[in-house]
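My request is simple: use the sequences and hints to build the entire structure.
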Amino acid sequence: MRMKWNIIEHDYDEVRRFSSLIKVEPIIGALLISRGFGSETDAERFLRPDASHLNDPFLLKDMERSVARILRGIDGGEKILVWGDYDVDGTTGTVVLRKALDILGGISEYHVPHRFLEGYGINVEGLKAAKDRGVSLVISVDTGSRAFEAAEWAQKNSIDLIITDHHLSDPERGNPDAFAVVNPNQPGCPYPDKHLAGVGVAYKLAEALLKTRGKDSELEAFLKMVAIGTVADIMQLKDENRAIVAIGLRDLPRARNHGLRALMEVAGCTSEMSSYDIGFRIAPRINAAGRMDAATEVVKLFEAKTFDEARAIAEKLDIANRERQKVQAEISEKALAAFVDHGGTESQPHVAVVAGEGWHRGVIGLASSRITDRLHRPSLVISIEDGIGHGSARSIEGFDLHSALEHCRDSFEKFGGHAAACGFTIREENIESMTDKINAYAAGVLTGEILERKLRVDAVVKSKTVTLDLVESLKKMEPYGAGNPKPCFVMGPLELVADARVMAEKHLKLKLADSDGRVFEAVWWSGVEKSEELNLSKGGRIQLAFTPEANQWNGSTRLQLIVEDLVNC
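For the sequence shown, the working numbering assigns the number 18 to the initial residue and increments by one for each residue that follows.
Some hints here could point you the wrong way.
[Stated by the list, open to error] Below 20 Å or equal to it, Euclidean Cα-Cα: the simulated EDC-like pairs (lysine to aspartate or glutamate) are:
hint, residue 1, residue 2
1, Lys492, Asp67
2, Lys547, Asp582
3, Lys454, Glu430
Since the hints were derived computationally from the structure, they do not count as laboratory data.
Right under this line is the structure:
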């Protein structure tokens, strides 16, 4: 399915005026205007994110109540349990909150559930074990918004449960009956930014605690960890999140934490880091712990007392990530094949639902992402074990996946998540009826416009402007990520000066020349799959949609174009 190019139109007189006013290159001015930052104040805030852009943590509902209870627990020598989650967001949030409690002199321990043995969320068995160890206060991170049974048990057994989360609560039941719930997305919360990650909410609690006790001098150092969790959880990099990630990225090369330094070394991160380094180098290695085995290794990594100890754990995570890549590829291919075998196509059904016996639960979410990217359809991938399906789902822009699962709630044992991604458990015998229900719902929601693949193009550019200087200028728009994607441009016509070359069986390398004979190198990731029916032979002429990058190799830096799409002309 070819993409529709939505090319942004610009008022060039306004671009020139605005760019001159704020003293930036016209391309930066055009990007700021088209992305909604067309006033001098908004542009200044966007281009220079800093700590003053962070909101007051006490604007969060139940924050004062939570801080008072935690400080009472610290002063009374109570044993506090931090209950995290097994993804990057949950583990980094656990580390952040544990560090704050340690600074305040608190006695704390942590529990990160095992994905395969316990599953997602707070469970009663874990709370019982904690009570037996003398725990009287439990603080959740990135989980708990639907922990009704656990909250009820805690209340009846003299454990105060403070839930910190960012996931949506049950629209019918509301919040669990916990001591306090700190969640910007809960009903009645006045907090102005609803896009905080779970680690972001944990940070706001840490900020409130440390400021209350006048021990906030190290707060900004926490933002390295918060930035990692925020990018990894694909949160919108706008407003407060933009400031968090920008500050964290600036500080990452100066990290003193043994675990961070070891992880960056293993991941091959350079002194200058971007959100790409977090999303594609650091985060996958952290995530691999919970996907392949136990996520407790992540907390051990960041709490390591020596660099040698941290380096050994980081190397284990690196090995786990390579294994994850292998298993992910296998399960993704099996899931796609199962979809096709059952009559699925790019156009039908509206939602792809595939299930397999014993598929590795740690990678089904990644397999779902792969199917959704490939078919441009919401997808649910389910691993069946002993008659129970453990599922993960991903969506496309314009389709609220959480609402779709709400529509089928009677089919599930439990589910949770948000508009773009969800997790669930379902009995095997209910999968077929759930598939019918969710597709019937989607048929009334997924319009042709939503189902059409679209590519936002920021501008049509002349080939002579596509240089390393352009790449350098575009750094002003970083950090890139959800809500602020890397700029995509179009230029052409260009001529292939050689046949497209296949790399690693699935990628393409192109050499292209403009009308003046200037040659560009371009890489099209997964281009073999995407280039069917296109003429990419020597002499072929194309219009190119691309993102420019600086490719560093053997001490030299060259311009490289990353292909987003292309058409013959």
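Hints versus structure:
| no. | hint | in the structure |
| --- | --- | --- |
| 1 | Lys492 / Asp67 | holds (16 Å) |
| 2 | Lys547 / Asp582 | holds (9 Å) |
| 3 | Lys454 / Glu430 | holds (16 Å) |
In this structure, every one of the numbered hints holds.
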